[in-house]
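A.B. asks: Here are the chains, one letter per residue:
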Amino acid sequence: MSTVDSTAEVTPAPATRRAEPVLEMVGVTKHFAVRRRLRDRRRRVVHAVENVDLALYAGQVTAVIGESGSGKSTVARLLAQLYQPTSGEIRLRGKAVRAPGGRRLRAYVGQVQLILQDPFGSFNPVHTIAYHLGRVLRIHRPGQSSAQVEQAMADLLAEVRLTPAAQFTAKYPHELSGGQRQRISIARALAADPAVLLADEPVSMLDVSIRLGVLNLLARLVAERNLALLYITHDIASARYFADTATVMYAGQLVEGGPAETVTQRAAHPYTQLLIASAPDPDRDAAAPRPADKASPPSLIDPPAGCRFHPRCPFAMPKCSAEAPPRFDLGDGHWARCWLHEQAQPQQAQPQQAHP
Amino acid sequence: MHWQGVRMTLLLRRAFFYLVTAFVALSLNFLLPRMIPGDPVSRMLQRFQGHLDPHAVFALRALYGQTNEGLWSQYLDYWSRLLHGDFGVSFSNYPTKVTTIIGQGLPWTLGLIGACTILSFVIGTALGTVAGWKRGGWVDGLIPVTTFLTSVPYFWFGLIAVYLFAVELRWFPLAGGYTPGIEQGFNFAFIDNVLEHAMLPALTIVVSSVGYWLLGMRNMMVTTLAEDYVLLAKAKGLSRRRVMNTYAGRNAVLPSLAGFALSMGFIVGGSIITEVVFNYPGIGYTLFQAIGGQDYPLMQGIFFIITVAVLGANLVADLVYVLLDPRTRRAA
Amino acid sequence: MSTGTLEHDAAMQPTEAAADPARATRFGWLRGIRSVKVIVGLVIVLVFALVAIFGPLLVSTDPSAVSNDILHAPSAHHLLGTSHNGQDIFAEMIYGTRVSMVVGFVAAILATILSLVVGLTAGYLGGVSDEVLSLITNIFLVIPGLPLVVILTGTMPNAGELAIVIVIAVTAWAWGARVLRAQTLSLRKRDFVEAARASGESTFRIIFREILPNETAIVAATFLSTVIGAILTQASLAFLGLTSVTDWSWGVILYWAQTQNAMSYGAWWWFVPPGLSIALIGTGLSLMNFGIDEFINPRLRSAGIATKRARKRAAGTRSRTGRPARPVAEPAAAGDGAAARGDVVLEIKDLRVDYLSGDSTVRAVDGVSLSLRRGTVLGIAGESGSGKSTLAYAITRLHESAAEIPTGQILYTAADGKRTDILRMSDRELTDFRWEELAIVFQSAMNALNPILKIGVQIEDAIAAHRPSMSERQRRERVAELLTMVGISTDRTTAYPHELSGGMRQRVMIAIALALNPEIIVMDEPTTALDVVIQRQIIDQIMELKDRLGFSVIFITHDLSMLIELADEIAIMYAGRIVEQASAQDFYRAPSHPYSRGLIGSFPTLSGSKRELTGIVGSPPDLRALPTGCSFSPRCPSVTDECRVREPLLLPLPRVGEPTTPAVDATSPGTRVACLLYQNSEPVAAAEADRS
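Residue numbers (numbering that gives the first Met the number 0), protein chains in the order written: chain A, 0 to 355; chain B, 0 to 331; chain C, 0 to 691.
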């Protein structure tokens, strides 16, 4: 019953970059406390997200690419206000918002909706689809009659290409396939009529043959509703096809960003290069050198000093372990946090490193 | 060295928890008599009709907080006496000290109930391993029977055992820990006599508690058998015994062991009442007599000793758990 | 973030799949009632409840009335005989039922409410409130409850029933609170709770509408066991004379029986009925609880119907063939086509695997024929429910007991040319064969490694089982050699699985598989749970070892692009069948089956210019309701009317201008495809003939 959307192009036309971001995180850091042991004197924290700047624009797809433990899901939950940042700001349409709960959170989530990875786990098994959709409609569009709610539900299901609605509303989650559930997840997010969608690995648990349909659906919604979409993924190839802007996250930090095609085709950061070289790709020249990397990401309780990638980096220099690299601008919106690009202009003026 | 240090930390934390628990339990022991509405002391004095020694009257008043001292100083006094091992003087066996009476009963209880609890855990776990391994096998068929036996009150099972094996069949002595008048000592005749008397109560306790462990272990075993590592062990061609014991059993026993610690209080309580049925000269029977004689100092002393014993046994169970499960050594 | 759980072949665990819906719907738990245990339990409890409610109204005898009928045995006049002062025990029992039941149920209700409040609060709020509440709960759990109750009631002389109820409730809530806290904690972390929070639901609604309904079964189980405990405790207290000895309850009857030496008089009618009643109601409640337990965890059922049926069928097959289960070992004789078969190490012929669940049979693998050449990688790709994992388990004969293999052969050709059918091996032979010649690497190394054994021991185990003559030192050396081979330093031999990273654990799995230098390794999604970079490391390691040691690999995955890179030959499975088999390069350059084309067209590529992604419409099929004709027909862009009625056979792809060759042999090279686009009606008969 789920169909591939033929109405939308896979890649939406890039919108102008001049516009103000709808949702933004500025210098956000999130530390999680680790339970202290008996003999621990100092308080230990997991540096899950460190000093992240990220902006989402209307009508655009921004991808955050990272491995497990990179902090990419924490970014989504920070933007959804499910976690409060340790420092830094979340700005909605330029205004800093802190909505830890209650009415403020309700108002906020009316604007910013989260779509979770697991289509099996994100529905309560004891409630019908109608309950799930109806609750969001009643929370965010109060004062509607049952008939109006019913109509709204049917409209939403039609929008995610699940028709006839009656075939789905009375069902329990387990009675639907993974792809259908993920479409209903999207419908549930749309029920609040948000301006921003945060999609945390929306297709990684779906079968290969139905992933494309769900991604195309999201792309169509971005275009039609002028939504800002955060696309969190571990699959760098899908970001190339699906996102306008791609950022790469490693050990809690953004290490590279820029137009998706540039980041995937001319990766500037050694970590991005490692990711690309590791990804399965039948088109790649079989003779191409293989990465010799044998290490794994660092502990986030005690991250390495300087650049967090330096212990694994084939190009590591003495400087890398001493000082964290700033953003270096590589032109056309492409940037990387890597000392290899020191010749390029740093984006933020930092006197001691600024080379003429 | 490092992980051993961590292991010690974990055990120290558990020991600390048991200290807190003991503290709470004994504080309850102090507080509860003081929370009874009305004037229980006068009611009791009436019942004793002046047979009580003035010291005992004073002790009784102290127990219920009817002294001139403030609650706090009473509380401090209570702890100071506990820590000095001074539980006062028994009412019903006046003027024997409470510690003396407990000292007489304790070896009997430790011997009977300690041994039986461990025995029934071992038997139940072993049977449960087999029942879970061969679901639908003959051991599995025992489960309805053992469930029934688990639901039977210990003391009633004891009554039936006495009726059948002591009264009707005369296989075992009717009651007591040994034949009265027999020369006590470390000699064969006495030990044989003691064992003969212990058989029936032991049987009662083991039979009525074994089903509990059997069922728990069986269910954990079934869950564990579905694990990939058991399948891999079979695929590797390991012997049936090694798969059942080292791969499935050792993992399945862990929750049972944790349960063992937690259910100890319940099982020991049930076993103690069993002593009453057999007039077994242990702590339980003493407690029963103390209740009959409204001997509060003795009751408090017994509660103290049971609490300490159960908490100590818990600590031992924790120790075994840590030895069996390497994951706990990471100080979770 | 990982795709670890992506690939559950839907048909793998039919029991769970069947139980899940029951659990999920709101009144689904009522289905648990269908179990015999629950019905028996319910009847017992209901009978006692009716006696408790109406009994005293119907019995005219005053249970406390003294008479001269002292210690009479049961008779028509005194149904259960009389006591030492002539009281009617039947009347005592009826009145006693009411007190025991009321105390038990009321105490359990109070205790359950208390556990719910504590468990939900601690589990949902977490943090400091959780730590404090958990501490209190654990303290109450560890304090010896019954002695405490005994002493509590002992200090309250002649306590009334209300006091008893409260005392029991206070000492009985902790277990339930602990269980409910754990359950709430795990539910709170579930995605649907996060989704509810992210959609702006209030905490109150999340606790009571999202979390609590999912705990119904556990609350019921806790309640029932608390009732048992409360009835037992009340009986114990009464037996010790701690309740009012003139208010009849079962325990009080036993108290009088004990103090008046009923045993010595042989007055069994006096002490048997009360204890029996307690045991009966306890059994009834436990039986209901079993029903709930089995509903929560369906595996606990003694032996599922499916298992029984499978066993019966297996027995039937054996007796029908009447053949000793002996391997059919035949030397590679000339004229057997062995020469043509060449270097084939494993040949699967027309393999079927059925799952029996309840009354229905689901065919998870349907007529699969494949061959694996020595030293090569055969890749099997498919979506969930395609049967690829079932195939992997069937090849190693590790399939669940609910699965059976009605037809097929899995022929293994040893290095010396001896051919053996794995499906005909006895258990004994299978144990010797497996791991020696054919090893398997499971999807999740975390689950496949025993958490309480050192990794060195787990490798050594396999060696010890198959090489009993090897000395311990030799085994140790082999373990060190294997670890070095897979890139783990030998000082980790004594590490436990939880001390290793995901990638390291998968390396250990490979070391275990290599332990006896097998000819074939079956790998079931060995890297699915891993991140790309680690995945690449592992794959490179596998390929390097394969080239060095010369084993053959059956590699099962859903990741087609990875498979194209590493496999020599690729087979695509759909709905239990192979729809296309080809060399990896041919397959990637020119996929023939419309499904294959759709799959290739679903993968975004990294290098080269972007291409148009086409994808496939619809969802993977439900094996329980497959369409007629070609299973792919509902999703196929090139579907014709014929596709909906005729099942295509897997036949060699005709070269342009050539008719289809009727000689079908799984071992012959070249592309084979099961699609009517490439087939006309003629070759069917020939293919049928070949099959038989």
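Hints are supplied without guarantee of correctness; some may be wrong.
[As the list claims (entries may be wrong)] Calculated lysine to aspartate or glutamate pairs in the EDC-like style (CA-CA distance at most 16 angstroms, straight line):
{"id": "1", "chain 1": "C", "residue 1": "K545", "chain 2": "C", "residue 2": "E564"}
{"id": "2", "chain 1": "C", "residue 1": "K348", "chain 2": "C", "residue 2": "D420"}
{"id": "3", "chain 1": "C", "residue 1": "K453", "chain 2": "B", "residue 2": "D85"}
{"id": "4", "chain 1": "A", "residue 1": "K94", "chain 2": "A", "residue 2": "E19"}
{"id": "5", "chain 1": "B", "residue 1": "K133", "chain 2": "C", "residue 2": "D420"}
{"id": "6", "chain 1": "A", "residue 1": "K318", "chain 2": "A", "residue 2": "E341"}
{"id": "7", "chain 1": "C", "residue 1": "K188", "chain 2": "C", "residue 2": "D246"}
{"id": "8", "chain 1": "C", "residue 1": "K417", "chain 2": "C", "residue 2": "E399"}
{"id": "9", "chain 1": "C", "residue 1": "K545", "chain 2": "C", "residue 2": "E518"}
{"id": "10", "chain 1": "B", "residue 1": "K233", "chain 2": "C", "residue 2": "D426"}
{"id": "11", "chain 1": "B", "residue 1": "K233", "chain 2": "C", "residue 2": "E435"}
{"id": "12", "chain 1": "C", "residue 1": "K609", "chain 2": "A", "residue 2": "D117"}
{"id": "13", "chain 1": "C", "residue 1": "K417", "chain 2": "C", "residue 2": "E435"}
{"id": "14", "chain 1": "C", "residue 1": "K453", "chain 2": "C", "residue 2": "D490"}
{"id": "15", "chain 1": "C", "residue 1": "K609", "chain 2": "A", "residue 2": "E260"}
{"id": "16", "chain 1": "B", "residue 1": "K233", "chain 2": "C", "residue 2": "E428"}
{"id": "17", "chain 1": "C", "residue 1": "K417", "chain 2": "C", "residue 2": "E564"}
{"id": "18", "chain 1": "B", "residue 1": "K233", "chain 2": "C", "residue 2": "E399"}
{"id": "19", "chain 1": "C", "residue 1": "K188", "chain 2": "A", "residue 2": "D282"}
{"id": "20", "chain 1": "B", "residue 1": "K233", "chain 2": "C", "residue 2": "D431"}
{"id": "21", "chain 1": "B", "residue 1": "K96", "chain 2": "B", "residue 2": "D85"}
{"id": "22", "chain 1": "C", "residue 1": "K417", "chain 2": "C", "residue 2": "D342"}
{"id": "23", "chain 1": "C", "residue 1": "K545", "chain 2": "C", "residue 2": "E436"}
Because the hints were derived from the structure by calculation, they are not lab data.
Here the structure is a predicted model, which is why all the values come from computation and not from measurement.
A.B. asks: For every hint, state whether the structure bears it out.
C.D. replies: Verification of the hints:
Restraint check for K545(C) and E564(C): satisfied, since their Cα atoms lie roughly 15 angstroms apart, inside the 16 angstroms limit. In summary, the hint linking K348(C) to D420(C) is supported, as the alpha carbons are separated by about 10 angstroms, within the 16 angstroms threshold. For a cut-off of 16 angstroms, the pair hint linking K453(C) to D85(B) is broken: about 50 angstroms separates their Cα positions. Under the criterion of a C-alpha separation no larger than 16 angstroms, the hint pairing K94(A) with E19(A) is consistent with the structure, at around 12 angstroms.
Taking the CA atoms of K133(B) and D420(C), the gap is near 28 angstroms; set against the 16 angstroms cutoff, the hint is violated. Proposed proximity of K318(A) and E341(A) is supported: the alpha carbons are some 11 angstroms apart, at most 16 angstroms. Taking the CA atoms of K188(C) and D246(C), the gap is about 49 angstroms. The hint is violated against a cut of 16 angstroms. Simply put, K417(C) and E399(C) have alpha-carbon atoms about 28 angstroms apart, too far for the 16 angstroms limit, and the pair is violated.
A C-alpha spacing of about 10 angstroms is found between K545(C) and E518(C), which places the hinted pair at or below 16 angstroms, so the restraint holds. Restraint check for K233(B) and D426(C): the C-alpha separation of about 11 angstroms stays at or below 16 angstroms, so the hint holds. Note on K233(B) and E435(C): the hinted pairing holds, with a Cα-Cα distance of about 13 angstroms set against a maximum of 16 angstroms. This hinted pair does not check out: K609(C) and D117(A) have alpha carbons roughly 28 angstroms apart, beyond 16 angstroms.
Among the hinted pairs, K417(C) with E435(C) is consistent with the structure: their alpha-carbon atoms are about 15 angstroms apart, no more than 16 angstroms. Distance restraint check for K453(C) and D490(C): the Cα-Cα separation of roughly 12 angstroms lies within the 16 angstroms cut-off, and the hinted pair is therefore satisfied. Between the alpha carbons of K609(C) and E260(A) the distance comes to roughly 9 angstroms, so the proposed pair stays at or under 16 angstroms and holds. A distance of roughly 13 angstroms separates the Cα atoms of K233(B) and E428(C); the hinted pair therefore holds under the 16 angstroms criterion.
For the suggested pair K417(C) and E564(C), the alpha carbons sit about 32 angstroms apart, so the restraint of at most 16 angstroms is broken. The hinted pair formed by K233(B) and E399(C) meets the criterion: a straight-line CA distance of about 13 angstroms does not exceed 16 angstroms. Between K188(C) and D282(A) the CA atoms are separated by roughly 40 angstroms; this puts the pair beyond 16 angstroms, and the hint is violated. At most 16 angstroms may separate the alpha-carbon atoms for a hinted pair to count; K233(B) and D431(C) meet this at roughly 11 angstroms.
The hinted pair formed by K96(B) and D85(B) meets the criterion: a straight-line CA distance of about 8 angstroms does not exceed 16 angstroms. Taking the CA atoms of K417(C) and D342(C), the gap is about 12 angstroms. The hint holds against a cut of 16 angstroms. For a cut-off of 16 angstroms, the pair hint linking K545(C) to E436(C) stands: about 15 angstroms separates their Cα positions.
This entry does not satisfy hints 3, 5, 7, 8, 12, 17, 19, going by the numbered hints stated previously.
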